[in-house]
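Here's the letter readout for the chains.
Protein chains: 2
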Amino acid sequence: MNIYRDESNPLFQYVVGLGDDALILGHRWSEWLSKGPNLELDIAASNLALDLIGQANLLLEYAAEVEGAGRSADDLAYLRDTQDFRCHWLCEQPNEDWGVTIARMLMFSTYQYLRYSALMQSTDRQLAEIAAKALKEVTYHRRFAAEWTVRLAQGTDEGHRRVQNGFNILWRFVPELFETSGGERTLANDGIAVASDSLEADWRETMDEVMTKAGVSAPETSGRVMASRHNGHHSEHLGHLLCEMQFLQRAYPKASGATW
Amino acid sequence: MNIYRDESNPLFQYVVGLGDDALILGHRWSEWLSKGPNLELDIAASNLALDLIGQANLLLEYAAEVEGAGRSADDLAYLRDTQDFRCHWLCEQPNEDWGVTIARMLMFSTYQYLRYSALMQSTDRQLAEIAAKALKEVTYHRRFAAEWTVRLAQGTDEGHRRVQNGFNILWRFVPELFETSGGERTLANDGIAVASDSLEADWRETMDEVMTKAGVSAPETSGRVMASRHNGHHSEHLGHLLCEMQFLQRAYPKASGATW
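Just so you know, the sequences run in chain order A and B. Residue numbers for the first sequence follow my numbering, so the first one is 1 and each next one is one higher. Residue numbers for the second sequence follow my numbering, so the first one is 261 and each next one is one higher.
Bear in mind the hints are in silico, worked out from the structure with no lab data behind them. Any given hint might turn out to be false.
Unchecked claim - Subject to a maximum C-alpha distance of 20 Å in a straight line, what follows is the list of computed EDC-like cross-link-like pairs (lysine to aspartate or glutamate):
hint : chain 1 : residue 1 : chain 2 : residue 2
1    : A       : K35       : B       : E321
2    : A       : K136      : A       : E147
3    : B       : K295      : A       : E147
4    : A       : K133      : A       : D51
5    : B       : K473      : B       : D417
6    : A       : K35       : B       : D417
7    : B       : K514      : B       : D341
8    : A       : K254      : B       : D341
9    : B       : K514      : B       : E356
10   : A       : K254      : A       : E61
11   : B       : K514      : B       : E504
12   : A       : K213      : A       : E147
13   : A       : K254      : A       : D81
14   : A       : K213      : A       : D157
15   : B       : K514      : A       : D81
16   : A       : K136      : A       : D51
17   : A       : K133      : A       : E65
18   : B       : K295      : A       : E200
These figures come from a predicted structure and were not determined experimentally.
Could you put together the complete structure from these sequences and hints?
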């Protein structure tokens with residue numbers, strides 16, 4: 001029995017997973033602030049971060065409501081430890097350079113685009129509404145990432161090397177994107193969630209299109225899922241990220257009289 | 261009035277300052293674990309970290325006793341925020357590469373060597389005993405750093421460039437080492453503490469000796485203290501360091517029933 005896997009409330013787990021992806025990827029984008037390649041991109045990074053953290057806020061609020069345990073969206077964001085997070089490994093990887101950041105954004109925004117598109121048909125009206133709102137943002141994110149992938153790869157040799165390096169580093173996290181948990185499958189059968197594996201064909205087709213245009217390629221990988229977010233397993237990077245992201249709430253907890 | 265500057269208990273501030281230097285520099289050395297240039301140096305880094313954190317433990321225990329407010333050494337280490345730390349800016353700077361790490365260690369262990377040597381004569385017996393114990397360790401640290409400074413600088417061009425780069429980056433933190441607060445001056449007049457400015461001439465002589473042998477030089481700097489630890493001012497790096505160092509105690513506080 002894995003104490004971190006709560007099969008008794010699959011909708012909570014599912015919505016937390018959607019929220020955590022947006023929160024952690026949003027935090028990664030916030031790390032670019034004041035460090036962007038130029039002023040315009042620094043502002044773009046802020047906007048991407050804001051969009052994603054806004055999505056996280058809506059999703060974690062809904063997750064808290066579904067849980068019904070008296071926890072708030074802030075509690076979920078700032079007071080859980082790594083093993084309770086449900087984000088994908090791809091989202092928690094470090095930014096490294098602009099090439100890696102763009103490769104990751106193309107991969108994940110394409111995934112989010114397909115996931116939110118399908119979730120707009122969810123029989124869970126709240127989820128469908130959040131998805132519709134988020135889809136507008138993610139549509140732009142995907143275009144931003146696709147344009148930058150092509151621009152980097154078709155620009156200079158150095159740009160090509162860096163964005164190709166991004167795909168080389170990150171491609172091993174692809175299989176996890178399509179891993180479908182039992183709870184997710186049940187919710188999908190009820191028309192509430194989207195089974196992750198149902199997104200794979202479209203994802204690969206879209207990625208192939210952009211990557212062909214850019215002249216970059218996917219490296220060969222084992223195709224195995226290394227360890228699963230569904231069991232609370234994460235890469236070392238998530239812990240370091242949480243240390244920073246959660247410091248304020250943990251150093252000055254509500255119990256001490258602070259309000260956030 | 262600066263709320264972070266407690267002039268009413270200069271001995272507490274002084275001992276916390278000694279302890280914080282050892283704690284933060286020790287934490288920086290612990291960051292080399294599993295990442296050392298080779299296995300021998302990885303183990304050496306562990307030992308340097310252990311020595312320094314051991315000194316921090318003795319000093320913060322004594323500081324807690326002097327404070328008499330019911331806080332423990334662990335409380336001081338893990339539950340203070342940046343503005344209450346009293347370490348020197350030199351200690352909190354990032355390790356960067358081996359050259360920067362070695363340059364910093366030569367600079368700071370030389371300083372600690374002189375400070376502990378003088379503190380052995382303190383009329384405060386507990387401080388004198390801690391100093392005597394620490395001096396043995398720091399004597400080795402200084403030899404280790406001096407040998408590595410010469411080895412790097414006299415080895416390859418790359419080694420010379422890197423250790424020289426270390427001094428170039430870090431030399432601007434030298435003036436702060438010799439800044440003497442009012443409380444420290446009073447304690448020094450009573451034979452308890454060592455006035456930091458009394459160490460400067462010896463420090464510069466020793467540094468000059470090793471750096472001449474290594475063929476590296478000190479860059480020109482303004483010679484001004486940028487901001488003072490005595491007022492709770494620190495570089496951005498300390499906050500990031502504390503996020504990681506304090507995560508466990510803050511995520512699982514004693515109030516929640518955890519004991520450390």
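Evaluated hints:
Restraint check for A/K35 and B/E321: not satisfied, since their Cα atoms lie roughly 40 Å apart, outside the 20 Å limit. Note on A/K136 and A/E147: the hinted pairing holds, with a Cα-Cα distance of about 17 Å set against a maximum of 20 Å. Under the criterion of a C-alpha separation no larger than 20 Å, the hint pairing B/K295 with A/E147 is inconsistent with the structure, at around 37 Å. Our distance criterion of 20 Å between C-alpha atoms is met by A/K133 and A/D51, whose separation comes to about 10 Å.
For the hint pairing B/K473 with B/D417, the CA-to-CA distance comes to about 16 Å; that is within 20 Å, so the pair holds. Note on A/K35 and B/D417: the hinted pairing is violated, with a Cα-Cα distance of about 31 Å set against a maximum of 20 Å. Between B/K514 and B/D341 the alpha-carbon distance is near 17 Å, which keeps this suggested pair within the 20 Å criterion. For a cut-off of 20 Å, the pair hint linking A/K254 to B/D341 stands: about 17 Å separates their Cα positions.
A hinted pair counts as satisfied when its Cα atoms are at most 20 Å apart, and B/K514 with B/E356 does not qualify at roughly 34 Å. About 18 Å separates the Cα atoms of A/K254 and A/E61, which keeps this hinted pair within 20 Å; it holds. For the hint pairing B/K514 with B/E504, the CA-to-CA distance comes to about 18 Å; that is within 20 Å, so the pair holds. Between A/K213 and A/E147, the direct Cα distance comes to roughly 10 Å. Compliance with the 20 Å bound is thereby established for this hinted pair.
With a CA separation close to 17 Å, the supplied pair A/K254 and A/D81 stays within the 20 Å bound. Restraint check for A/K213 and A/D157: satisfied, since their Cα atoms lie roughly 16 Å apart, inside the 20 Å limit. Between B/K514 and A/D81, the direct Cα distance comes to roughly 17 Å. Compliance with the 20 Å bound is thereby established for this hinted pair. The straight-line distance between the Cα atoms of A/K136 and A/D51 is roughly 10 Å, inside the 20 Å bound, and the hint therefore holds.
The hinted pair formed by A/K133 and A/E65 meets the criterion: a straight-line CA distance of about 19 Å does not exceed 20 Å. Straight-line distance between C-alpha atoms of B/K295 and A/E200 comes to about 38 Å, which puts the hinted pair past the 20 Å bound.
In summary, the numbered hints that this structure violates are 1, 3, 6, 9, 18.
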